[in-house]
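Asks: Residue-level listing of the chains:
Number of protein chains: 2
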Amino acid sequence: MVKKVQVLRLGHRIYRDIRTTTHCALTSRALGAEKITIIGETDYSIEDSVNKIVNNWGGKFKIRFAENIKNEINKIKKEKYCIVHLTMYGELLGKKIKEIRKKNKICIIVGAEKVPPLVYEKSDYNISIGNQPHSEIAALALTLHEVFEGKELNKKFPNNKIKIIPQKKGKKTKKRPLV
Amino acid sequence: MVKKVQVLRLGHRIYRDIRTTTHCALTSRALGAEKITIIGETDYSIEDSVNKIVNNWGGKFKIRFAENIKNEINKIKKEKYCIVHLTMYGELLGKKIKEIRKKNKICIIVGAEKVPPLVYEKSDYNISIGNQPHSEIAALALTLHEVFEGKELNKKFPNNKIKIIPQKKGKKTKKRPLV
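Residue numbers (the working numbering), protein chains in the order written: chain A, 573 to 751; chain B, 573 to 751.
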């Protein structure tokens, strides 16, 4: 059973990718990953906005930047994470998900644009979420959802300062008094 | 059983939202929706890039822009689509998905930033994909995946000029000779 999931986001460029990389980070957190590492230009605005969300909405999600893909992949392999690279060219998720769910620790790799051949070679699985062009954010979300079999949507986020009370219409939140 | 799904994307602004709106459009197409309507600034670059993908990769997906949310919602209601608005403040998807799967036609609404109260009021369902802040692209992907129960990943896209042959490592495509 999968206990730990981290995400590796490749190819972040400041300005161009600010919103898609933020979406990747928040999707990772909301759907049960514990960490995202971003390879590319260090972007403090993303780090800040993700850390603010963790601070307000709870949990222990971590965000960090790194420079070298090769070093990062070697590190992940040493830590015994099974590497699942999401690519529209890969094998269909449905064919491999049962195997993947048996792993203890998974690192999901999502690219922005061109992904170096090294990533295809070093990954344990190259997986596609339908062999159509779409979105790495959508692919990441569906993979986390399938890895955790839907249970990620009931995940608790301890030490939250704000919480939503689900409503049929409108918005309702509950705030904790700050200590 | 759900036969038709369309997507309504609210609040597109040129430049700022170009990539996230494109991700919404391509996710809609890849995961079985037949149309996206975008409310906001008309953006021919998005229309072009989505139409190019349809032309190369097949299927009949449509993209269009509209200006007025209220008119659009009235039109959707007249056409008897059940409106499912995705919002982090809504009821959990898991509690409502069985009901939603019984509908014939669904319109999924995803917002960019502030969504007017009208949308909460007029929607048949206000649904959250986990009550945490994340990504409308991720939320849209998981909703389509749950509505179609995973079958959307086997959808065929007829009249394609290019097709992927799934690989364990690397990339392989098959191109049809153009007539």
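Check each hint, because a few of them may be wrong.
A pair counts as met if it fits within one copy or between any two copies, since identical chains are not told apart.
[As the list claims (entries may be wrong)] Restricting the straight-line Cα-Cα distance to at most 30 Å, the calculated cross-link-like pairs of lysine-lysine (DSS-like) are:
1) K607 x K667
2) K740 x K647
3) K694 x K632
4) K733 x K670
5) K670 x K735
6) K647 x K747
7) K741 x K686
8) K649 x K733
9) K650 x K735
10) K677 x K723
11) K735 x K649
12) K746 x K649
13) K650 x K746
14) K746 x K674
15) K747 x K649
16) K668 x K727
17) K652 x K746
18) K667 x K747
19) K686 x K747
20) K743 x K694
21) K576 x K652
22) K747 x K694
23) K624 x K694
24) K642 x K652
25) K642 x K723
26) K733 x K647
If you are wondering where the hints come from, they were derived from the structure by calculation, not from laboratory data.
Quick caveat, the model's predicted, so the values are computed rather than measured.
Asks: Now, for every hint given, state plainly whether the structure supports it.
Replies: Results for each hint:
1. K607 x K667: both (26 Å within a copy, 28 Å between copies)
2. K740 x K647: Classified as between; 22 Å across copies, 46 Å inside a copy.
3. K694 x K632: within (28 Å within a copy, 37 Å between copies)
4. K733 x K670: neither (37 Å within a copy, 32 Å between copies)
5. K670 x K735: Only across copies: K670 and K735 sit 26 Å apart there, 34 Å inside one copy, limit 30 Å.
6. K647 x K747: Classified as neither: same-chain Cα gap 39 Å, cross-chain 38 Å, threshold 30 Å.
7. K741 x K686: For K741 and K686, the Cα distance is within 30 Å only across copies (15 Å; inside one copy 42 Å).
8. K649 x K733: neither (36 Å within a copy, 38 Å between copies)
9. K650 x K735: neither (37 Å within a copy, 36 Å between copies)
10. K677 x K723: both (17 Å within a copy, 27 Å between copies)
11. K735 x K649: neither (36 Å within a copy, 32 Å between copies)
12. K746 x K649: For K746 and K649, the Cα distance exceeds 30 Å both inside one copy (41 Å) and across copies (33 Å).
13. K650 x K746: So K650 and K746 fail the 30 Å test inside a copy (42 Å) and across (37 Å) alike.
14. K746 x K674: neither (37 Å within a copy, 33 Å between copies)
15. K747 x K649: neither (41 Å within a copy, 36 Å between copies)
16. K668 x K727: Close inside one copy (24 Å) and across copies (18 Å); limit 30 Å.
17. K652 x K746: neither (40 Å within a copy, 36 Å between copies)
18. K667 x K747: Intra 43 Å, inter 24 Å, cutoff 30 Å: inter-copy only.
19. K686 x K747: For K686 and K747, only the inter-copy Cα distance (21 Å) is at most 30 Å; the intra-copy one is 43 Å.
20. K743 x K694: Result: close only across copies, 15 Å inter versus 45 Å intra.
21. K576 x K652: within (11 Å within a copy, 44 Å between copies)
22. K747 x K694: between (45 Å within a copy, 28 Å between copies)
23. K624 x K694: neither (34 Å within a copy, 32 Å between copies)
24. K642 x K652: within (15 Å within a copy, 53 Å between copies)
25. K642 x K723: neither (33 Å within a copy, 36 Å between copies)
26. K733 x K647: neither (34 Å within a copy, 40 Å between copies)
When the structure is compared with the earlier hints, violations turn up for hints 4, 6, 8, 9, 11, 12, 13, 14, 15, 17, 23, 25 and 26 and for no others.
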